Structure formats: structure tokens, C-alpha cells
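Student: Listed below are the residues making up each chain.
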Amino acid sequence: MTEGMTATARLAPWRRSPVASLGLYGHFIRLAFLKFLAYRLRYYTGVVSYTIFVAGHYYLYLALYAGRAAEGLGATVGGLTVREMITYVAISWIGRSLYFNNISRDLARMVTEGEIAMHLIKPFHLQSVMMAEAVGEAGFRLIMFTIPIMLVVVPVFHVGAPAGAAALLWTLVSFALSLVIYSQLSFLVGCLAFAMKNIQGVLRAQMVGMDFLTGVIVPFTFFPLWFQSAVNWLPFQCISYVPVMIYLGKRTGPALVEGILLQVAWAVGLTIAARLVWRYSTRRVTVQGG
Amino acid sequence: MEEVTRADDATRFAFRDDRSRGARLAWQARIFGAYFVQFLKMRLAYRVDFIIDTLAVLFSLIIQLAVLSVMFSKVRALDGWTYPQVLFIYGFSLVPLGLFNLISVNLYGFADEYLIGGRFDRVLLRPVGSLAQVIFESFNVSGLSEIALGLAIMAGAGVKLGAHFGVTDLLALLFLAPGAALVYLGVFLGITTVSFWFEDKMGLAPPVYNLIRFSRYPITIYSLPVRFFLTFVLPFAWVAFYPAAWFVGGEKFGKVALLTPLVGVLVFGGAALLWRRGVRNYVSTGS
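Going down the list, the protein sequences come from chains A and B. So the first sequence is numbered by our numbering: it starts at 1 and just counts up by one. So the second sequence is numbered by our numbering: it starts at 291 and just counts up by one.
Zero decoy hints are in this set.
Distance ranges between label pairs, derived from CB positions:
| hint | chain 1 | residue 1 | chain 2 | residue 2 | range |
| --- | --- | --- | --- | --- | --- |
| 1 | A | Gln228 | B | Arg503 | 23 to 31 angstroms |
| 2 | B | Gly560 | A | Arg42 | 23 to 31 angstroms |
| 3 | B | Asp402 | A | Arg283 | 35 to 43 angstroms |
A short, non-exhaustive set of chain B residues, derived as facing chain A with CB atoms under 10 angstroms:
| hint | residue |
| --- | --- |
| 4 | Val338 |
| 5 | Ile342 |
| 6 | Thr344 |
| 7 | Val347 |
| 8 | Tyr499 |
| 9 | Pro508 |
| 10 | Tyr512 |
Here are the simulated lysine to aspartate or glutamate pairs, EDC-like style, with alpha carbons at most 16 angstroms apart:
| hint | chain 1 | residue 1 | chain 2 | residue 2 |
| --- | --- | --- | --- | --- |
| 11 | A | Lys197 | B | Asp339 |
| 12 | A | Lys197 | A | Glu115 |
| 13 | A | Lys197 | A | Glu113 |
| 14 | A | Lys35 | A | Asp106 |
| 15 | B | Lys364 | A | Glu71 |
| 16 | A | Lys197 | A | Asp106 |
Read the hints as simulated data drawn from the structure, not as lab findings. These numbers were taken from a predicted model, which means no experiment stands behind them. Glycine included, C-beta positions come from ideal geometry on N, C-alpha and C.
Starting from the given sequences, assemble the full structure and let the hints guide the process.
Tutor: Structure (C-alpha cells):
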């Protein structure tokens, strides 16, 4: 009798004080940090991967600027000198090493394998848990991945210093917002698994498309104007292009404030959108086995 | 229970085979042909997956083309290489990559599925080569889309170049593309084989895989040490640039292209020898 009572009590809607919520999700941040720490060996070769990404683009852009010099064209492309371009590439990849995570893939796996059912009966919001884990993962990445990559990439490719102390500070704030935007966007992509069951193709498209749309591979100022005005309406530029431009000192004063506010708006907007999609999707979830 | 699952012990089960070498090869080819047909039947049951995979390949292609066209809207030539030439090299690179992707899927999960999961015991019990079995047990059909799209891009770039490709060029393609695919296969087989000795916690494959996208550009844009590395150490210059140079490389690189199949055989042969040693070293987990 008593056992039956406690079981129903556990399934009742849960309420928690804000402080208790903070403690709970803070715990997930810590757990994720420790979990990734256990797999840190895998990240050593990741440092090599990121160095390869920077190196490949480094040579590509050197050839581009050298070609322009030989053809008697201007020394800046899309408002960037060759030095700034190299810095753009390096900071883009360094930033990516921080905000990157696999929320979409993990969520899709939970849905297709049925593990999602277990999360639905636990007294927390999976979206908040995954965001907290992304923060913990980013903490791990910062120490064990991003900083080692910086230590290799910055001296090897003579990466330029930030435009100033304020620019550096705002770049860090901006990349922190990138983490939220990237994670929420990734959560939304993962939610597609509720409707589509198998989203391997979508995940591949995300892998391929993300670095392009965020401006990691080519800065938007290289593109025709119609493309630039199109990306202005999308959240992707807030993941990489905005923070890197702040670092380079291309966004100062009102433009800097505008950039940060735009990021905040997307972070909040996507979080709300993800919450709504989540609520809609979990209302009609079917778990096959699991 | 005592473990008697070493590969040497497994040879006791091998049956005597008196057929000629040619007859055995033909028989093996028939077996792997049957594997492929079986796999296609399985895949066709999930047609939507195939369509989505193809769309993903197409999407990544469109992005690559967008990057290339943006680059060449800012400059006429990269280190002397024009847009159609670079485009042609890119198109060519997709053909060996598609061939490789078609048959390589099992290499990625080899350590987990075959060595730790115990599927390798079953492979060793069959009277057909273990390497061929692992390679031909699964296919990635989206490789076929890559091959088709690669050929289309080569044709488009060829028209832009105003080049006239004859029968010799077609024969060269039939000879160079599989040679380049052997280079891919050899490199990744070599990496996979390491897991016979070391559990692959380090993840050697991702950085090597990430290097592929930079092997599609003319290697002359890289510094000398990088060129040396891509030619002799991790020979990815042979998967796209050198073989494609037969068509677009002119005097300087056109002849070098012909070495591609030789490099492919050397790299793959080395990896296959390493594989044989690995199999001899194999001890089943017993699961």
C-alpha cells in the first residue's frame, strides 16, 4: 500500500523552487564536465584536426590574396586584409572548438532508440538538462580542447591579436551566446526525429551546412549582396560570424551593441521555439520498444 | 574455459581446395557479387533513406561549389590554376571517394563491431579471405551518387575548359580512378588495422579523414613540407590532384598522374600485409 502511494506521488507533476532548479541543473553541468574529462584522450587528435582545418584554409586564402596581387587587384577582399583573413579563419575554428556539441545527434538517438521514454518520466526538462550538459561540455572543451588548439594555432599561423581589451571581452561574451544559439538550434534539429523517425540525412546536412552558414569557412562579405542580406535574417551568423567580427574590431560602438543584442534575441527566441516544439512533439510521442 | 580461438587454430577448419587460382578467384568474385546484390535488396527496402542520403550528398556538393565560385569571383587563378581546372580536380576527386565510400563503411566500425563485438570469429571460420569479407559485407550506396555527380562536374568543367577528351582519356579515367580509390582504401585500412594491436581510443581516423577535403585543391598552393607530406607520408595528393592532372595538369604534372595506380597498389598492398599480421595476432574476446 505505502509502496503504491509513493509510486503515484513520484509521477505527479513536479514543482521546484528556482534555487532548487539551479542546483539540479548545476549538477548536470558538473556531471557533463566530468563525463567528458573521462574521454579526454579522444580530444588530442581533435587538436590535430582543427590545426588541419586552419592550415588548409590558411594556404587557400594565401593563394587567393597572392593571386589578386599578381593580377593587380586590391589588397583587401570583403573588407579584410590577408592578415585579418588568417585571423578570421583561426578565430572561427577556435570558437567552433568551444561551442560545438552533438545535441541533435544525441536527442535523435534517444528518440529512435526509445530511451526518450525514461527521460519523459523524470522530474526535469530534457531541454534544460541538455543545455546544462552543453555548458558543462563547453567548460571541458575550453580547458582541454580550445586552449590547446589556441596554443598550437596562434603561434604557427601568426594569428592577429584582438582589436583591444574590450573587443576581447565582448568576443568572449559573444561566443558564450553562440553556445546557447548553437545548442538550441541543434535541439530543434534533434526534435525532427519525433516526426521523421530517422534523421541521419538531416544530421549529415547539418554537419555539412552549419560551418558554411555560420561563416566559419568563408566570411559573408565575400558573397554577393543578396546572399548577405539573406543571412542577416538567419540565426547562423550569430554563431560564428558576429563574434569573430567583434574580435577583429570590425564591429564597434553601435554595431557591437546591435550584434550582441541580436545574439541575445536569437538565443531567447530559439529557446522559446525549442520549448514549444518540444511540448508539441512529446505530446504525441510513440516509443517502439526501447 | 580455455581460449582456443587464435587465428592459427581456426585454420584447422579450412578445407582443402584443389581448384586452380583462376577458378577460386572467379568463385570469390561470384560470392562478393552475391553479397552486393543481397545488400542492394536490403537497402531498397528503405528507399526513403537512400533518397535522403543522396540529397545530403547533393547539398554538400552545392556548398562546395558555392565556396569555389565565391573564391573565384575574387581572383582569376589560384597559383595559376583557373576555376574550370580546380572544378575539374574537385569533380574527379568525387569518383574515387565514391568508390571508396561504397565499400569502406565496415572499416569505421571495425574495432567495435568485429573485434570487440566478436563478429570477426565468424569471418575467420569462412573459407574466403577475411579482408575481402569485411570490406564486402556492407556497402554505402550514396557512394554511387558521389560517382555520378563527380562525373557530371568533370563533364561540366571539361566543357568550360574547351577540352576535347578522347578514348585515351576515358581509358585513363578507368585506370586512374580505381587507383586513387586504392590509396584511400590503403590509408584507412592501415589505420583500421592498428586496432588489432591497440584499442583505438585515440581516434586516429577523424584527423586523417578531415585532411581529405584539402586534398582536392591543387597541391602547388601548399608549402613544400606540406606537399612532401601529402605526396609521400600520407599520400592524399594521389587521390585527386595527381590523377586529375592527367586531364588538366599540362606538361608538368600530366605524366606524374600515371603513377597513381602504382601508388595505390603500394599503399593498399602495405596495408593488406599489415592486416595479415594483424589477423595472426588476433585473439577473440570470446563474446
